[in-house]
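Student: Take these sequences, add in the hints, and give me the full structure.
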Amino acid sequence: MAPAIELENLRKTFRVTERAHGLAGSLRALFVRRTREVVAVDDLSFAIAPGERVAFVGPNGAGKSTTLKILSGILQPTAGRVRVLGLEPGRERTRLAYRIGAVFGQRSQLWSHLPAADTFDLLARIYELEPAEYRRRRDDLVASFEIAQVVEKPVRQLSLGERMRCELVASLLHRPEILFLDEPTIGLDVVAKATIRDLLRERGRLDGCTILLTSHDTGDMESVCERVLVIHHGRLLLDRSLATLRRGFIAKKRVSVVTEEVELRVDLPGVRRLPSASHRTELEVDLDVIGVDRVVAAIVAGARVLDLSVEDPPMEEIVSAIYAGAARSVSRA
Amino acid sequence: MTADRFVRSTRKYGAIALVSARRALAERSVLAGRALFLGVIVFIFSRVWETVLGQGPQAIPGAGKRELIWYLAVTEWCLLSVPHLFLAIEADVRSGDIACRLVRPVSYLGTQIAEALGETGLRLLVLGPTGAAVAFWMAGGFPEDPRGLLLALPLGALASVLAVLSTAAIGLSAFWIVDTSPVYWIWQKLVFVLGGLLLPLELYPDWLRTLARCSPFPAMLWGPGRMAFGFAPEAALVTLLELLAWGVGIGVGLAWLSRSARARLTVSGG
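Listed in order, the protein sequences are those of chains A and B.
Letter by letter, the first sequence follows residues 2 to 334 in the working numbering.
Letter by letter, the second sequence follows residues 8 to 277 in the working numbering.
Honestly, the hints are just simulated from the structure, not real lab data.
Hints may be right or wrong, so weigh each one.
Sample of chain B residues at the chain A side, in silico, Cβ under 7 Å [as the list claims (entries may be wrong)]:
no. : residue
1   : A22
2   : D104
3   : A106
Over the 12 Å line for every Cβ pair with chain B, so calculated as not near, a few chain A residues [to be verified]:
no. : residue
4   : M2
5   : E7
6   : G209
7   : R241
8   : E264
9   : R266
10  : V297
11  : A302
Computed from a predicted model, the values in this text were never measured in an experiment.
For every residue, glycine included, the Cβ atom is placed at its ideal position computed from N, Cα and C.
Tutor: Here it is as structure tokens:
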């Protein structure tokens, strides 16, 4: 079966203007313009099969969003070969647009002054959907995403979580074969994040669409995806199944505890105390040595707990660990 | 473009224009502000014309104080009906929101223009009667030959379309200069002066009138405005042809600008 997405030696560079500091620099910039080439994506190659749910992760400035924008035809690549559903996105943007959906977490594709229902109707016209089929699909998605109560409100009056559910419905109305998700849970609270992740996993399964998701939140990739691509400085650092990545790199959890006691002592194997403040203790738990449940039980037994949270390590740390691992393998080779 | 594709595109952009008109209708305070501004402008300049002309001779053959007030109402109606499309495009380029618009199977520029035209259509419908009412009140009636005003209606609507296309081109300049307000400021002043917003070109010195006629601005304002001076089908036809010719010219320029802008596209935040 032909891949849904195929990149070969993709490269994207931008020219950015450099301005010298101070008044003299500003005056000089009026006559002499200095530019510098920035490499956003460098020799990137991978393929994604139809129906795969893939996380595309990396730290800020790694080139994730740029790659997504090249894949959806928004940006033109500087070099390399890109095929999405057999089309060349840069040249065939409009044809491709009928077959893909995209959600950019920090931006809205809904008309903010209109109720989401009106945007759905307008998108049905834009995507040239057959009216009866559109109504069936819309009703199904509205029920599935539980937004019946909010679709008639102007979008600007919705909470971020409600808006994001409407954004996802808008991107799924035309049954896209590929869904590009750029930070779909950014800014959402824990409950809203969990809801969005469940919905994405469910829709991916029901519609069979390919999902390519970028996120800084390891929870997104763990909940939604089955494969992970890690990118750093525009280059592919790692391409693994989620299970492999979890075994190798997400073997730690962070526990934050607020107690009535000024200091909390936890002497358990596999638990390391991180820099903490008075009444607030940060712990790193090595899951290969001890389970989080045992650590939490020990904390609750030994102190009066006011607040407690368990989190994955930040993406930057995971990428750093992967980067260090990759560097070691290169040096061994 | 095949006929089928043309019909499909028209439906899409028509739907976008309708939604935009509905939004503009919902923003009643903005609409009321524009109507009030039009009324005030026509009122003030009607007083100016009264003072300047008094009971004296006609400034332009066939056009007295009454016709000049209606001229002003028509030119202001054309100009005030045009939304600030350049600001919307500039905001999309600055914020990177343009990325969201480009994933749809429609042209970004086409969508922006359709939205602006929807809003323009609604403003023309609201500001037309407002300007007419104030002009009727200030002038003490219709022009001597009111049939010319019927010709001013389609010409004014077309002139507004030309102005929308011009502001779209100004908006696209954001890809090069980011802040488009200086370009808009220059364009606006040229429209005021060379278009004959307040004074008909007949009152200009010959050299300035000749210079103005080489630009698209008189077709936008003076052409529809002078229909207030009387029923002149030949002059209306000339204005119509000028509007169409400049429309094609600006359209070709927009297509070129749009292609160049796509090549320069970088999106804020990645």
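Student: Run through the hints listed earlier and report the numbers of any the structure violates, in increasing order.
Tutor: none
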